[in-house]
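Chains H and A are the protein sequences, given in the same order. The numbering of the first sequence is my numbering, which starts it at 31 and goes up by one. The numbering of the second sequence is my numbering, which starts it at 191 and goes up by one.
Just to be clear, a hint being listed does not mean it is correct.
[Unchecked claim] SDA-like mimics (lysine to any residue), calculated; alpha carbons at most 20 angstroms apart, straight line:
| no. | chain 1 | residue 1 | chain 2 | residue 2 |
| --- | --- | --- | --- | --- |
| 1 | H | Lys-34 | A | Lys-344 |
| 2 | A | Lys-308 | H | Lys-133 |
| 3 | H | Lys-133 | A | Glu-218 |
| 4 | H | Lys-138 | A | Pro-214 |
| 5 | H | Lys-133 | H | His-99 |
| 6 | H | Lys-454 | H | Cys-466 |
| 7 | H | Lys-34 | A | Leu-270 |
| 8 | A | Lys-308 | A | Lys-344 |
| 9 | H | Lys-138 | A | Cys-216 |
| 10 | H | Lys-138 | A | Tyr-212 |
| 11 | H | Lys-302 | H | Ala-235 |
No wet-lab data here; the hints were simulated from the structure.
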Amino acid sequence: MVLKAFFPTCCVSADSGLLVGRWVPEQSSAVVLAVVHFPFIPVQVRELLARVQQVSRVGVTVLGTWCHHRQEPQESLGHFLEGLGAIFSHEPWLQLCRERDSKSWTCKATRRQASAAADEDQVLLIFYDQRKVLLSRLHPPAALPDRQAGDATPSARGLAAVFDTVARSETLFRSDRFDEGPVRLSHWQSEGVEASILVELLTRASGPVCLLLSWLLSLLSAVSSCWVCRLWPLTFVGSKLSTCEQVRHRLEHLSLIFSPQKAQDPTQLMRKANMLVSVLLDVALGLALLSWLHGKNRIGQLADALVPAADHVAEELQHLLQWLMGAPAGLKMNRALDQVLGRFFLYHIHLWISYVHLTSPFIERILWHVGLSACLGLTVAVSVLSDIIALLTFHIYCFYVYGARLYRLKICGLSSLWRLFRGKKWNVLRQRVDSCSYDLDQLFIGTLLFTILVFLLPTTALYYLVFTLVSRAVWMLGLGLDTGLAQAPAPGGRRAGPDPSARGRGQLPAPVLAGPAAVPALQTGSWRQVPRPSARGWQASPPPDADEPPALQPRDAHLPPPQLRLPPQALVELPVPQALLRGAHLPLEAEGGQAGLRDTAAVRSGPGTLPSRPTPSGTGAGPAWGTSTAHRSWGLGAAPCSCSSPVCWGLPLV
Amino acid sequence: MEDEQSFSDICGGRLALQRRYYSPCCREFCLSCPRLSLRSLTAVTCSVWLAAYGLFTLCENSMILSAAIFITLVGLLGYLHFVKIDQETLLIIDSLGIQMTSSYASGKESTTFIEMSKVKDIVINEAIYMSAKPRLDCLIEVYRSCQEILAHQKATATGP
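The task is simple: from the sequences and hints, build the whole structure.
Laid out in structure tokens, this is it:
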């Protein structure tokens, strides 16, 4: 019969004593957990073992004796050890003996009841590294509470039983031979938990340091959430600039890393370690960038190149406007409107260039100080860069907004007057198109206005088209940077995946293209992508899994589900252009605006009348404006499109 | 009880198989591979350096020569560490499992342990399973001994 004895490598050099462990009869193997040294009192050893057994539910007993002859072999010790077999009886009784500095061991296993056919058992000695076996989790999970104390779960087979035994006997390893207890044990803890004094010092110091840092971070976050920073302009600006977002993320992660609570389980520990490593990497890269930037006067060169670049862009835009004011692509524009719009935009560019020139002496200093922010991390530096680009091309974005609003207004007016042309009216209450009998003078004025708008349409459409293209080109540029930010290591990177509409500056009413380029109104997802740049409002929820690379997460993992805006039943069967004209394209803020208008419309008038005069600030529109400004982002005052109401040109722009 | 026999591998080199019989339930097989021969090392080094010199005469860039030296050194180290096997050991313990250790020329040792309950049978696979690439006769010896042990183990497992 072969008996397997699992012996820990840490006990190889231990002094003589008793072997303590667990006997697994199914595999006839003895797992030695520790060695009890002389002198000991048998009663106390038994008490200790009983206590350990009760707590850990592992059947720990005395398995045998261990003899390590440091000097010449002692006969008396041998007899003494054999006598111990009488005190602690165990079947079979293991006797391991080792000569001093010799590689040969003597292993004997004796059975008290010597059966007839039994010769002495052969002992197979297997060494195991106790600490590694303890920490590896190759055994089945903890036993169910309804099992009795005393033995491990029988389902652990083979080697898993050994792992299970060692892992669950942690209480036995609490005291070792250097403690002052009644029983002196030798196991893996006797080797010393940590051999390096530096590491010990670090572990001791890390507690107070973590406390201090977490206190500082909480102070910072308290400051940032105080009432001053909650004022509307600041929150708005903060949500648009990606720098603020990045800094906020960085604060979050740092506070998580330095939190004084220990990690509860390996997953959390892994997450913490992951985050720490990525923050360190980020900071290291940022410092490298900083040192590169501050050497050889690169900042000066950058600043010198910035203003001429802005000038160049402005010049190109001026050329573009001059072209539009002429006969662009051979199209004939309405001269008056053309000149007005062109001059307006030219003046805008002129203002912008003046501002840039005004700040040009300070640019180098500003850049230098902003470059210092790279020490917070590479992601912060990249986000600052993307913000700078956004600020520099702000005027292009403004042009886009102007063109879009104007175009939108025109289309609303056209659709409404077209309905009037055909004798129909949009019923706000019922959200559908009703027939309506107009007076003669209403029809006359309506037709007149309709004609005017139709003839002004090409001009507005062209401006809109040109500036949309230009702003999208700029936006592509920024998209590259944002993609880079998104691919950054998870804790430092942005939450969502590359967001195509992240560069935009707020919620615009959806620009409507009535032609074949129309985004199909019945596709709800697409509205969120191209013209709905609202990425900055999404970081309210903390990242669910900071150690998952954001690219693997579905794009809208933490976002509210896209709100399905189903057009009314009557419009669903219509082909797209008709549905558009009937207002199926209106996005949700228009819905909100319409809801506001609904209240006012119900108050004001019944169906069949023109509710308001074309006054600049229709009083009827006031409340509606108020309810929907919450949706507005840039305050350019895009009124809710009230195309659904019979008159939409009653509501002013800015 | 030890036993040594000499075989040859598929490339013609000499392999030494050492069998250690510790007990009816425990056996160890140790396969030693031939050392790295000076001839092959010289041949490879010379060919690499000749190629580098040829490139150098074409491109007139002395970086190529340094690169060739560097590549040779790194390649040799990598070969010794990852490819060249010094010794392979197969240890079978009846009730415990099978352990295969490969030790490389740079001193690296990689060990695989398979628990006995997971072992259904030992077979000779068509593709060479041991990195030392022994020939069939060597494999048959090992196979026979392993089957003895497995049979013995099954007998004790199903017996009383």
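Hints, verified against the model:
Of the supplied pair hints, the one linking Lys-34/H and Lys-344/A holds, its CA atoms being roughly 18 angstroms apart against a limit of 20 angstroms. A distance of roughly 32 angstroms separates the Cα atoms of Lys-308/A and Lys-133/H; the hinted pair therefore is violated under the 20 angstroms criterion. For the proposed pair Lys-133/H and Glu-218/A, the alpha carbon gap of about 19 angstroms is at most 20 angstroms, so the pair holds. Between the alpha carbons of Lys-138/H and Pro-214/A the distance comes to roughly 18 angstroms, so the proposed pair stays at or under 20 angstroms and holds.
For the suggested pair Lys-133/H and His-99/H, the alpha carbons sit about 13 angstroms apart, so the restraint of at most 20 angstroms is met. In summary, the hint linking Lys-454/H to Cys-466/H is supported, as the alpha carbons are separated by about 5 angstroms, within the 20 angstroms threshold. A distance of roughly 37 angstroms separates the Cα atoms of Lys-34/H and Leu-270/A; the hinted pair therefore is violated under the 20 angstroms criterion. Between Lys-308/A and Lys-344/A the alpha-carbon distance is near 13 angstroms, which keeps this suggested pair within the 20 angstroms criterion.
Restraint check for Lys-138/H and Cys-216/A: satisfied, since their Cα atoms lie roughly 18 angstroms apart, inside the 20 angstroms limit. Simply put, Lys-138/H and Tyr-212/A have alpha-carbon atoms about 17 angstroms apart, close enough for the 20 angstroms limit, and the pair holds. Distance check on the hinted pair: Lys-302/H and Ala-235/H sit about 18 angstroms apart at the alpha-carbon level, within 20 angstroms; holds.
The earlier numbered hints that this structure contradicts are 2 and 7.
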